[in-house]
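Q: My request is simple: use the sequences and hints to build the entire structure.
Spelled out, the chains give:
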Amino acid sequence: GAGVSQSPSNKVTEKGKDVELRCDPISGHTALYWYRQSLGQGLEFLIYFQGNSAPDKSGLPSDRFSAERTGGSVSTLTIQRTQQEDSAVYLCASSLLAGDLYEQYFGPGTRLTVT
Amino acid sequence: KQEVTQIPAALSVPEGENLVLNCSFTDSAIYNLQWFRQDPGKGLTSLLLIQSSQREQTSGRLNASLDKSSGRSTLYIAASQPGDSATYLCAVLYSGGGADGLTFGKGTHLIIQP
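As they're listed, the protein sequences go chains A and B. Numbering follows the working numbering, with no gaps: position 31 of the first sequence is 31. Numbering follows the working numbering, with no gaps: position 112 of the second sequence is 112.
Treat the hints with caution; some may be incorrect.
What the hints assert, rightly or not - Capping the alpha-carbon separation at 20 Å, the derived lysine to aspartate or glutamate pairs in EDC-like fashion look like this:
# : chain 1 : residue 1 : chain 2 : residue 2
1 : B       : K68       : A       : D100
2 : B       : K106      : A       : D18
3 : B       : K68       : B       : D27
If you are wondering where the hints come from, they were derived from the structure by calculation, not from laboratory data.
A: Structure below.
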């Protein structure tokens with residue numbers, strides 16, 4: 001079946017603009033995760049959803065970052081007033097449920113470049 | 001705070017050799033540990049998941065072990081092939097409260113020479 005899909009695959013934006021990144025999880029997966037991969041920081045966890053709710057938003061780097069998930073499926077990660085340090089690959093993952101039994105499956109990522 | 005370390009950072013071996021990649025984590029309060037591979041410019045591919053109650057998992061030429069008490073995991077690759085060349089990432093799902101995502105190591109960049 002189809003894996004996790006993300007769009008766009010690449011995004012170049014000017015500093016100060018807002019961007020929206022989209023993640024479409026594997027059908028039937030209730031848990032969805034956002035991560036960021038940058039050269040200096042490696043892979044870091046941002047936020048996760050169980051259904052439509054995000055229990056803990058403390059992993060988001062700043063209040064310019066927000067995420068939502070509607071209908072228990074597609075999620076969007078929005079970055080307002082982008083800064084150059086936001087340049088990274090943003091990865092989305094999903095799992096059947098949250099918890100120790102379930103593997104996370106990753107999408108191909110969105111490469112964001114802020115100029 | 002949970003920290004994950006992978007050694008070595010890079011490894012280059014001739015085709016056919018068996019090899020071991022190491023992962024250590026600072027806090028043994030984990031739900032599970034997952035090994036991934038990442039090819040250049042691509043997302044992550046899950047290789048193996050070991051639950052905290054398990055000691056090892058096997059898939060084909062790959063075997064991963066977990067010693068939770070000592071905070072260590074190894075990924076053993078048998079009879080390496082050039083197609084195994086990739087970056088291998090270890091990640092733990094921490095059970096000690098706080099964030100609910102995986103904590104990753106920085107990876108081992110593996111090159112298998114034909």
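Q: For which of the previously enumerated hints does the structure constitute a violation, in increasing order of number?
A: Hint 2 alone not satisfied by this model.
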